[in-house]
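Enquirer: Read off the chains here:
Protein chains: 2
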Amino acid sequence: MSEKRLAAFDIGGTSIKMAFLTTEGDIIRKWSIPTDRSEAGVKIVQDIARSFYKELEADGLTTVDVLAAGVGAPGPADPEQGTISGAVNIGWPNGYPLKKLLEEAIELPVFIENDANCAALGEMWRGAGSGTGDVVCVTLGTGVGGGVVSRGMIITGVNGSAGEIGHITVVPENGFLCNCGKKGCLETVASATGIVNLYKAEGKEAPDARTVFEFAAAGDEAAKRVIDRCAFYLGLAIGNIANTVNPAKVVVGGGVSEAGEALLLPLEQYVKQFTFPRAMDVLSIEKAQLGNDAGVIGAAYLAKVMTV
Amino acid sequence: MSEKRLAAFDIGGTSIKMAFLTTEGDIIRKWSIPTDRSEAGVKIVQDIARSFYKELEADGLTTVDVLAAGVGAPGPADPEQGTISGAVNIGWPNGYPLKKLLEEAIELPVFIENDANCAALGEMWRGAGSGTGDVVCVTLGTGVGGGVVSRGMIITGVNGSAGEIGHITVVPENGFLCNCGKKGCLETVASATGIVNLYKAEGKEAPDARTVFEFAAAGDEAAKRVIDRCAFYLGLAIGNIANTVNPAKVVVGGGVSEAGEALLLPLEQYVKQFTFPRAMDVLSIEKAQLGNDAGVIGAAYLAKVMTV
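Residue numbers (my numbering), protein chains in the order written: chain X, 1 to 308; chain Y, 1 to 308.
Same shape as in the complex, but just chain X:
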């Protein structure tokens, strides 16, 4: 009998990524199923269980061959209570008892975390953050997500709101209104939407962030100012996170980070400007490496460390 494997599920608003991994974090096999959001998402747990058993049987295995399952879900998690809140994309009520329901359904220990936190754990374990247990991840997508890993474990906070990097206030006065109700959040200026907002504030129009980067590369001064301003705000947030938790690596991922050096070079300068010199001595900025696999790899890590 070979070593036991880990199961990992990354629940998103449109699909659920599922995988089996070795206890070293190598993906043995991965697949995905659609997220059935009907009836406030009540079918999701059974859908996961059914697919899990089917794929396990296909490998000639049973639950005895699985150590535990880790799950990432899109909302603040309470790992001790085993609940997820604010998963509005899925329709679950606040305090949804995901851990308990899934443990009943797959008859294995289940450990849950917020999906952005799982991605941070994944990059820490097997991605751009490997080699250190002190990593901060920032994901620049439609919004800005994040996770703070200290000594190999996620900082979850009192009610699962730690690592809300997208809601760090970087424009304390006259900032754009954020979906969260605050103003001047990082997400309002450093997400794909935020970059379009900044370009609009220059009196110009672009359909998406990618276009703003293209305009900047072609010499458009307003677009160049927007990219610089985005890097400035992101550097301010990252510098202040570094002054608070003193990580070895900040891993930047998500669609906006695909802009590459156009964003990352000015970002490094701003991070240096805003970080306490001693904290800067040990800090590097890295591009995320795991892409969409970060979530399942981090969920598997969670299952591993919580089980041993």
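Derived by calculation from the structure, the hints in this document are not laboratory data. Treat each hint with caution, since some may be false.
No copy labels: a pair is met if it fits in one copy or bridges any two.
[To be verified] Cross-link-like lysine to aspartate or glutamate pairs, in silico, EDC-like; alpha carbons within 20 Å at most:
id	residue 1	residue 2
1	K4	E103
2	K54	D36
3	K183	E173
4	K183	D281
5	K183	E268
6	K272	E173
Since we're looking at a predicted model, the values are computed, not measured.
With chain X's structure known, arrange chain Y on it following the hints.
Expert: Just chain Y now, kept in the frame of chain X:
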């Protein structure tokens, strides 16, 4: 034979606070000795050891009656290496092997941390932060110090620079120059010195922060703006720390916090303005309770949790 006691030393630039505590954190006895900074502070460890043995004997006890010692020191600590760096007030070279030297001198396990981090642990254990393991402390004195406690333990960071709350950038453009070399650090606007700086920027003069608070209470508009601005910057920093680590309590101490409601009432409003709503749901701002004892109580806590 009664239960073993803890020893705690809080090393400052002018005096070393020493204490014996129960394992519940009650101070059995406390005293202090002067800090001998001559010859780059080489005599300090022996001074501590001599005083420790003398007071222990006075109680009719020996080292067998002591579980361990915790030490706070004024510089970034590397708890794993057992070294202190940047203790310029004392004269020690970077990477001073405080743990090893003190363990040899008192023949007990010794655990070290930065002094501001010890104070945070103290307030978490027995002060304004008690009842939760997720506490951030901010000490507003000549400078601004801090400590971040998550799940009952200090976040030290990769090289002991976590919790450098005084060096969070709150004025990203055109800020005052800080001693650390950066500009716009919280310390430049929310310490006693910072408040005087802000008043000077209003074109007015005051000998100290206390006077600025007195002027504000007497109706001086410039002084009132300064206090509001100080609360604004402090609220911005605290809000962004809350967005990062999601604590239950932020404990504000130090001389400037003695201003009381004049500072704390506007501060609460600004913290609310800058904190992610879900993180704000569980957050309260508290005034520090332990005063100068916070350091030894936190050092004792460190000794306790590292020993068991």
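Enquirer: All hints, please: hold or fail.
Expert: Outcome of the hint check:
| no. | hint | result |
| --- | --- | --- |
| 1 | K4 / E103 | within (18 Å within a copy, 43 Å between copies) |
| 2 | K54 / D36 | within (18 Å within a copy, 72 Å between copies) |
| 3 | K183 / E173 | both (8 Å within a copy, 19 Å between copies) |
| 4 | K183 / D281 | between (32 Å within a copy, 17 Å between copies) |
| 5 | K183 / E268 | between (25 Å within a copy, 17 Å between copies) |
| 6 | K272 / E173 | between (23 Å within a copy, 14 Å between copies) |
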